Amino acid sequence: YPKDKLEIIVVDDCSTDDSLAWAQRAAEGHPNVKVVRNPVNLGKRRAINRGHRETGAQIIVSVDSDVIVDPNALKELLRRFTRPDIAAVGGRVMVSNPDDNWLTRMQTVKFYFAQEWLKNIERTFKTVLCLSGCLTAYRREVLEELQPVLETRNVLGVPIKYGEDRFLTRTIVKAGYQTVFTTAARCYTVAPRSLGGYFSQQIRWRRSNFIDWFGGIKHVWKLPAPVAVNYLSLFALMLVYPLLIIEKIANGNFTELIALHVGLLGLLAGLYLFAARHMPASQRVGPLAFVSMALLLPVSYFVFTPLALFTLDSGSWETRAGSAAAPVAREASGSGSAPAVPGGQALVK
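Numbering (our numbering), first residue to last: 16 to 364.
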């Protein structure tokens with residue numbers, strides 16, 4: 016992207032490791048890079064608000080701190096702002112470590128279906144209800160318009176920091192704007208390598224789903240009919256699937272339960288192998304990834320769904336950990352690009 020039109024704002028959301036020190040070091044000698052730090056951990060949505068207040072850019076691109084952005088991603092995002100009512104454009108998130116182990120291979124498949132299939136109806140009507148904060152561009156005036164709502168989000172009076180991407184996107188749609196998703200703009204993220212990291216992520220995402228659906232049900236009737244049906248169907252699946260598992264186990268119908276999962280995952284495996292044959296070898300995985308999915312998926316729904324429902328008021332983002340923060344002498348301003356900064360938030364114009 017042309018450097019004279021690019022500004023990078025790194026927002027350190029009160030990280031507990033030495034992220035800020037590394038960000039400041041990376042910004043040195045780059046006048047287009049500015050590093051700021053929140054006095055306390057505020058969450059992604061408020062970090063984005065902080066970032067857009069630091070720049071006069073008309074398009075703000077939110078980039079998560081642990082992603083690698085494809086060189087053409089910014090151009091692909093900006094070229095989709097073809098009408099004033101398009102308020103946000105999101106890019107595709109790819110797994111950067113698909114071959115680390117069986118768990119990352121399974122997540123590679125899940126990411127593929129989530130973005131290539133589950134978003135198709137929403138993409139058709141330009142009403143995408145969740146644009147990933149890993150790589151999403153927003154119109155500045157829309158963020159300013161919605162800032163009061165974004166700053167005061169809570170559940171039963173408890174401020175929460177999970178589900179920020181869904182909440183921000185749904186708030187934009189609720190305000191009457193269009194949201195667009197493109198697979199041409201790509202970024203790469205590291206998938207959890209351990210079951211502990213994966214479970215923490217999935218519980219957080221499951222809470223996000225429930226909170227989003229509970230909040231979105233009030234205005235779902237305003238959505239295009241196919242989008243509304245898809246939205247409600249996914250919500251129903253989240254609740255019914257664990258009950259189906261319980262019913263089969265209680266009645267001793269293990270054969271039916273196994274046949275259901277084998278049939279479903281066999282179909283998905285066939286679709287994936289056919290569709291992914293044109294993908295680079297580094298971005299596709301073999302059919303054995305579906306075996307681990309067959310084993311882990313029922314457990315994740317059976318355990319995570321009730322756990323998420325009973326912990327909706329948790330304020331934790333479940334991913335912050337690290338050693339004591341390194342000493343920081345100053346805020347840094349520094350054209351060029353900076354490396355990913357754990358615990359921070361990067362915005363680009």
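These are computed hints drawn from the structure, not numbers from a lab.
Possibly wrong hints are sitting among the right ones.
[Claimed, not checked] Once the Cα atoms are required to be at most 20 Å apart in a straight line, the calculated EDC-like pairs of lysine to aspartate or glutamate come out as: (1) Lys134 <-> Asp227; (2) Lys141 <-> Asp100; (3) Lys134 <-> Glu156; (4) Lys90 <-> Asp33; (5) Lys237 <-> Glu262; (6) Lys18 <-> Glu43; (7) Lys20 <-> Asp81; (8) Lys20 <-> Asp85; (9) Lys20 <-> Asp227; (10) Lys18 <-> Asp100; (11) Lys141 <-> Asp227; (12) Lys125 <-> Asp114; (13) Lys237 <-> Asp227; (14) Lys18 <-> Asp114.
Predicted model, so just to flag it, every value in this text is computed and none were measured.
Hints, one by one, checked against the model:
1. About 16 Å separates the Cα atoms of Lys134 and Asp227, which keeps this hinted pair within 20 Å; it holds.
2. Between the alpha carbons of Lys141 and Asp100 the distance comes to roughly 10 Å, so the proposed pair stays at or under 20 Å and holds.
3. With a CA separation close to 26 Å, the supplied pair Lys134 and Glu156 exceeds the 20 Å bound.
4. Of the pairs offered as hints, the one joining Lys90 and Asp33 is violated, with about 32 Å between alpha carbons and a cut-off of 20 Å exceeded.
5. Straight-line distance between C-alpha atoms of Lys237 and Glu262 comes to about 35 Å, which puts the hinted pair past the 20 Å bound.
6. Proposed proximity of Lys18 and Glu43 is supported: the alpha carbons are some 16 Å apart, at most 20 Å.
7. Only pairs whose Cα atoms come within 20 Å are accepted, and Lys20 paired with Asp81 is rejected, the gap being roughly 23 Å.
8. Taking the CA atoms of Lys20 and Asp85, the gap is about 17 Å. The hint holds against a cut of 20 Å.
9. Annotation: proposed proximity of Lys20 to Asp227 is violated, straight-line Cα distance about 35 Å (limit 20 Å).
10. For the hint linking Lys18 to Asp100, the alpha-carbon distance of about 27 Å lies beyond 20 Å, and the restraint is violated.
11. For the proposed pair Lys141 and Asp227, the alpha carbon gap of about 18 Å is at most 20 Å, so the pair holds.
12. Note on Lys125 and Asp114: the hinted pairing holds, with a Cα-Cα distance of about 14 Å set against a maximum of 20 Å.
13. Among the hinted pairs, Lys237 with Asp227 is consistent with the structure: their alpha-carbon atoms are about 15 Å apart, no more than 20 Å.
14. Between Lys18 and Asp114 the alpha-carbon distance is near 34 Å, which puts this suggested pair outside the 20 Å criterion.
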